[in-house]
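There are 2 protein chains.
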Amino acid sequence: MTDQPSITAAILVIGDEILSGRTKDKNIGTIADYCTAVGIDLREVRIVPDEQDRIVAAVNALRTDYTYLFTTGGIGPTHDDITADSVAAAFGVSIDVDPRAKAMLLERHKPEDLNEARLRMARIPAGADLIANPISKAPGFRLGNVFVMAGVPAIMQAMLDNIGPTLETGLRVLSHTIEAGNLPEGTYAGDLAALAIAHPTVSIGSYPSMTQSGFANRIVVRGKDPEALDAAKGDIEDLVTRLRG
Amino acid sequence: MTDQPSITAAILVIGDEILSGRTKDKNIGTIADYCTAVGIDLREVRIVPDEQDRIVAAVNALRTDYTYLFTTGGIGPTHDDITADSVAAAFGVSIDVDPRAKAMLLERHKPEDLNEARLRMARIPAGADLIANPISKAPGFRLGNVFVMAGVPAIMQAMLDNIGPTLETGLRVLSHTIEAGNLPEGTYAGDLAALAIAHPTVSIGSYPSMTQSGFANRIVVRGKDPEALDAAKGDIEDLVTRLRG
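Sequence order for the protein chains is A and B.
Number 101 in full-length UniProt numbering belongs to position 101 of the first sequence; there are no gaps in the numbering.
Number 107 in full-length UniProt numbering belongs to position 107 of the second sequence; there are no gaps in the numbering.
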């Protein structure tokens, strides 16, 4: 084990369309996978509506509690896109059309097409760094430890790829999955609890899912120390093998 | 319009496996769709890890702010299933094996198979009503305005079906979708903002998505008053038709 401090993160999804169910979020899973892959500990997710006071409150709560905050949604050209203004308000900084962002929009739009609405996408809080958008050019931005990204999954993914190299990362959390199949959780839960106590430096979880043919249970052991992980994995495999008899 | 108070809700998803990305949540979308269909205004979602202090804090924040709180996950038989104990702690009530819940488990398990781990699934906070689980019998429960449900989507859905008739519902939010197709958001954003001001009793949003052939934009108008909704819809359709030329 190591004393390296853990790097933590939260996600804030901004959008009435997610809360109404009309759009099913895909970004949470993408960012969660990314964090796990690079050793960032995703600790919380919130989804809030397109309302400035709600966005400001969530941004300020989450940027204080975690190393990084990733937001998605609300940075387009329409009146309901209020994320940039809300993040500026959360930080108490001004916001205006940013020449760097305007130049990016001009890569896609003719000057005569850069109307007031499109220029909204160049409104960037003072002090922010831009996050390039290779797909539709309108950038995201980083202000302090907050990364503001698009809601369209393909664009969010491209922005995440861009910011990835700039992120401080920690020791990766490694994991092993032990397939318990249709072995009922109730048959191994007692022994598994004892193994969790015996292996205090790893985290052991049991995750049921349902298939056409019934329950399919998985035991997952996670941790940063490979040796401790292997020891726990071995004990869990022995348990499952013994119970399968 | 009406003065009927709106019925609000939040969702709390409990589970390390969602935050790690290993499991992709499906319950948020299901509950969001349900709320929209019955006239409950889903206002917030949080995802937190399997840690009692985090669950307690989120339960107490969300049950205070909204009419209903729906939780998913963490009610199985293994040591990492701590939702019931955490909800009891949040309410400051005791928790113990509930004879009604034990009877439900005995519908599925022989008495000699009802070991200590399985009996964990019958631990219910004092004062709670049970939510039947037709699939694997282990019940969820309602305590005050908090509904505690399973994380396995099929079981969550069945529990949601069971609690549905007990929920107070509001006026349904009706919606119309106007397909803007590949008409760029930036071409209609200014006019749409003006329509949003002209139709203050409805909510107008513009939602881009990407397809193989480029952007596919949708304008969605939502509201509880059918006449106001139709008027806004008509104006937006006229706008899109005019711009499509």
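Just to be clear, a hint being listed does not mean it is correct.
Remember, identical chains collapse to one label, so a pair may be satisfied in a single copy or spanning two.
In silico lysine-lysine, BS3-like type, Cα no more than 30 Å apart, as pairs [what the hints assert, rightly or not]: (1) 102 x 233; (2) 224 x 26; (3) 26 x 102; (4) 26 x 110; (5) 137 x 224; (6) 224 x 24; (7) 102 x 224; (8) 233 x 24; (9) 137 x 102; (10) 110 x 137; (11) 24 x 110.
Everything labelled a hint here was simulated from the structure, so no lab data went into it.
* Hints not upheld, ascending by number -> 1, 4, 5, 7 and 11
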